[in-house]
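2 protein chains.
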Amino acid sequence: MGLEPKRTVAELAELRELTGDENGAQRVAWTDTWETAREWLRGKVAATGAVEEIDEAGNQWFTLAGDSDKALLIGGHIDSVPNGGWLDGCLNVMAGVEVLRRIAADGKPPLTVRLVNWADEEGARFGRSLFGSSAAAGSMRDQDELRQRRDANGIALPDALREHGVDLDRALDAQKQLESAVAYLELHIEQGPVLESMDLPLGVVLGTFGVERHQITWKGQAAHAGSTPMDKRRDALAGAAKLALEIRPIAAEVGEGAVCTSGGVVCKPGIVTSVVETAEQLLDQRHLNAGSLARLLSLAKEASERFAAEEDIEVSWERIWSIEPILFDAALIELADQSIRDVSGTAHRLPSGPLHDAAEVARAGVPTVMLFVQSLRGLSHTKLEDTRKEHLEMSVEALDRLTAKTLEELA
Amino acid sequence: MGLEPKRTVAELAELRELTGDENGAQRVAWTDTWETAREWLRGKVAATGAVEEIDEAGNQWFTLAGDSDKALLIGGHIDSVPNGGWLDGCLNVMAGVEVLRRIAADGKPPLTVRLVNWADEEGARFGRSLFGSSAAAGSMRDQDELRQRRDANGIALPDALREHGVDLDRALDAQKQLESAVAYLELHIEQGPVLESMDLPLGVVLGTFGVERHQITWKGQAAHAGSTPMDKRRDALAGAAKLALEIRPIAAEVGEGAVCTSGGVVCKPGIVTSVVETAEQLLDQRHLNAGSLARLLSLAKEASERFAAEEDIEVSWERIWSIEPILFDAALIELADQSIRDVSGTAHRLPSGPLHDAAEVARAGVPTVMLFVQSLRGLSHTKLEDTRKEHLEMSVEALDRLTAKTLEELA
Numbered sequence: 001m002g003l004e005p006k007r008t009v010a011e012l013a014e015l016r017e018l019t020g021d022e023n024g025a026q027r028v029a030w031t032d033t034w035e036t037a038r039e040w041l042r043g044k045v046a047a048t049g050a051v052e053e054i055d056e057a058g059n060q061w062f063t064l065a066g067d068s069d070k071a072l073l074i075g076g077h078i079d080s081v082p083n084g085g086w087l088d089g090c091l092n093v094m095a096g097v098e099v100l101r102r103i104a105a106d107g108k109p110p111l112t113v114r115l116v117n118w119a120d121e122e123g124a125r126f127g128r129s130l131f132g133s134s135a136a137a138g139s140m141r142d143q144d145e146l147r148q149r150r151d152a153n154g155i156a157l158p159d160a161l162r163e164h165g166v167d168l169d170r171a172l173d174a175q176k177q178l179e180s181a182v183a184y185l186e187l188h189i190e191q192g193p194v195l196e197s198m199d200l201p202l203g204v205v206l207g208t209f210g211v212e213r214h215q216i217t218w219k220g221q222a223a224h225a226g227s228t229p230m231d232k233r234r235d236a237l238a239g240a241a242k243l244a245l246e247i248r249p250i251a252a253e254v255g256e257g258a259v260c261t262s263g264g265v266v267c268k269p270g271i272v273t274s275v276v277e278t279a280e281q282l283l284d285q286r287h288l289n290a291g292s293l294a295r296l297l298s299l300a301k302e303a304s305e306r307f308a309a310e311e312d313i314e315v316s317w318e319r320i321w322s323i324e325p326i327l328f329d330a331a332l333i334e335l336a337d338q339s340i341r342d343v344s345g346t347a348h349r350l351p352s353g354p355l356h357d358a359a360e361v362a363r364a365g366v367p368t369v370m371l372f373v374q375s376l377r378g379l380s381h382t383k384l385e386d387t388r389k390e391h392l393e394m395s396v397e398a399l400d401r402l403t404a405k406t407l408e409e410l411a
Numbered sequence: 001m002g003l004e005p006k007r008t009v010a011e012l013a014e015l016r017e018l019t020g021d022e023n024g025a026q027r028v029a030w031t032d033t034w035e036t037a038r039e040w041l042r043g044k045v046a047a048t049g050a051v052e053e054i055d056e057a058g059n060q061w062f063t064l065a066g067d068s069d070k071a072l073l074i075g076g077h078i079d080s081v082p083n084g085g086w087l088d089g090c091l092n093v094m095a096g097v098e099v100l101r102r103i104a105a106d107g108k109p110p111l112t113v114r115l116v117n118w119a120d121e122e123g124a125r126f127g128r129s130l131f132g133s134s135a136a137a138g139s140m141r142d143q144d145e146l147r148q149r150r151d152a153n154g155i156a157l158p159d160a161l162r163e164h165g166v167d168l169d170r171a172l173d174a175q176k177q178l179e180s181a182v183a184y185l186e187l188h189i190e191q192g193p194v195l196e197s198m199d200l201p202l203g204v205v206l207g208t209f210g211v212e213r214h215q216i217t218w219k220g221q222a223a224h225a226g227s228t229p230m231d232k233r234r235d236a237l238a239g240a241a242k243l244a245l246e247i248r249p250i251a252a253e254v255g256e257g258a259v260c261t262s263g264g265v266v267c268k269p270g271i272v273t274s275v276v277e278t279a280e281q282l283l284d285q286r287h288l289n290a291g292s293l294a295r296l297l298s299l300a301k302e303a304s305e306r307f308a309a310e311e312d313i314e315v316s317w318e319r320i321w322s323i324e325p326i327l328f329d330a331a332l333i334e335l336a337d338q339s340i341r342d343v344s345g346t347a348h349r350l351p352s353g354p355l356h357d358a359a360e361v362a363r364a365g366v367p368t369v370m371l372f373v374q375s376l377r378g379l380s381h382t383k384l385e386d387t388r389k390e391h392l393e394m395s396v397e398a399l400d401r402l403t404a405k406t407l408e409e410l411a
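First to last, the protein sequences are chains A and B. For reference, each letter of the first sequence is one residue, going 1 to 411 in the working numbering. For reference, each letter of the second sequence is one residue, going 1 to 411 in the working numbering.
Please keep in mind that the hints were generated in silico from the structure rather than gathered at the bench. If a hint is listed, it holds; no wrong ones were tucked in.
A partial selection of chain A residues facing chain B, derived with a Cβ cut-off under 10 Å:
{"hint": "1", "residue": "Thr-228"}
{"hint": "2", "residue": "Leu-237"}
{"hint": "3", "residue": "Leu-243"}
{"hint": "4", "residue": "Leu-282"}
{"hint": "5", "residue": "Arg-377"}
Each computed DSSO-like pair below joins lysine-lysine, with the alpha-carbon atoms no more than 30 Å apart:
{"hint": "6", "chain 1": "B", "residue 1": "Lys-301", "chain 2": "A", "residue 2": "Lys-242"}
{"hint": "7", "chain 1": "A", "residue 1": "Lys-232", "chain 2": "B", "residue 2": "Lys-389"}
{"hint": "8", "chain 1": "B", "residue 1": "Lys-219", "chain 2": "A", "residue 2": "Lys-219"}
Note that the structure is predicted; figures quoted are calculated from it, not measured. All C-beta atoms, glycine included, are put in the ideal place defined by N, C-alpha and C.
Here chain A stands alone, though its shape is the one from the complex:
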């Protein structure tokens, strides 16, 4: 029985019916609906003969033994954000199931093949994304902090995990899962507009952007909107406004896909009758090259100091979070490129703006690559998220070809 990409599309629709509602997907990790999805997945994989194991971090593994213990991994995540889309995360899982079926039908593979459904990629309930993959990668270093986290109802993260059989103190034992891994493949919707704007179904992902995320606080002086002449003001909003516009020439100057976003400004006192005293501005900067990312940050800091001097206000920076760029494996990128050309004729290489479990696996030293399939209107994390059915089918084919080429290369 060969590959049936149409079946993947039908199964994704089935999963949507089972675990979504009129507002979208509801497979938030560490909930009953998520367990329903995992149980449903278990049933789908059963016929392949792959053996299930849930590791110490809650990741769900299905292993098809091969001639060698060395393992090729295919990964995705069946959890979603609340009111999420029908493809984010679970496309990878279901395409992986279809590839497993094709391999199982072909007889014992040269390498062991493992499908992993990572636990809590989205971090929707507790605000900690990439939970399961960071545990397996050994990069989870925030367990003390995680112990304090609570969901919106005040339930502590360790208590919620325990209900799903996971002991936070032992989550890092999941690291042993990657010991035998020689390659990691992940297919994902792009969640951005690049492939659609180029009219291409598929792309090879070069790596995930490094991220610098800061809160910038501008401090001026509150003053009455009526009684304070324009030249006597120290307006904190002016600093934030200048920087919100300046990040665009900065991104253009650094180039090579650089993105900078000011996602919000909170003004205090924030009333119509007062000059803004304090403006708290969010800034997110991303680049695939570590040096370029550092340059984005230093240019923004220089600009902010210039603006503070111009406006006679103060500026201070606080890092919220950062991660270095993670580059995928050159040899696997070549194989992915060939696989896409086989299926669609043209391949495009692009960085990933969002993080993915693949980044954690790559950080752990496992050769990794990702495929992107076009997203309509770049929308994700909404029920409006969509991809053309023919593109979904092509993406399953491309993942299958990439798996076959990788098995051949590494056998």
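Here the structure of chain A is known, so what remains is to put chain B in place on it, guided by the hints.
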């Protein structure tokens, strides 16, 4: 017994002790502390022989009968914002008491002289400023809306007023108080930095600014901060940022004291990982000239449409509130100017950015003028509000001279 300006300063300090705490003045209208202040004021005026009357809007009048029924009014407000300053509003009242004492000591005046302590100038509890003066002026046209207003504890405005003897339905009967008025004089702290920056103790107020107050909504498209290239964004914050900066050249172009303030921007979704979809921006524009005010507004609207086109976003305007400029009486401005020169040698003429009860009285057709005394650092509505004692004393002298000159002129 002549004028004793030092006594006014001492009485203001006494009032601060009686009705303030470590956070500042607490004489919020329609509270027990406000009643305490009114009772204390009653005691201070008693010796002058002025007759007290509380009108249908809660305004407290003290009338010293003169040879004519035509009345010269001196006005202020003893109510404060919570955690307010020791001078805002009550300086005018207490300076007026001192002037009443001087006049009473001099014998029956040629005109009737009335001191009014306006009810609820600040609107601190129910968000409706100039309550008493707008009722007396007959410009209160929002009684239906006022009936619905509640304070932070859910108490309805009409119920709170009733506890202080005021029936909202009859508040406009206070209009009869202005029938005999031939002049209205008000002294106030500047609440801005202009006089201090010119090193002048006193100024003549030309009128109160007209105000245009709008909420501007910019609508773009939420998009992932990592996966959306810079040239594919429709960033609502960019529109707000451009306008926050553009209002400065617009104010400079219109000139003559024009002020424009963007007091805040609220961004949605307002998260670090998303381009801003919606930015709600506050804009306040003020000018003493109605045509110039209209020009400020039209220039800002034109600019906003240009920015919306540049950014491929939408912009819409909603008026929050507006008021026309109110010009004070030319003859009284001359008398005020002379009075200040008599006391301090130099007078400066300036508009008032904040509204005052005087604006309501002027709208009602009573010839009106205000005196400003320097505010230190332009601060008001905070316990840090202050004015040098020698300047306070000069301001009492200036009000007294202005009263004397006005009586002489109109007798």
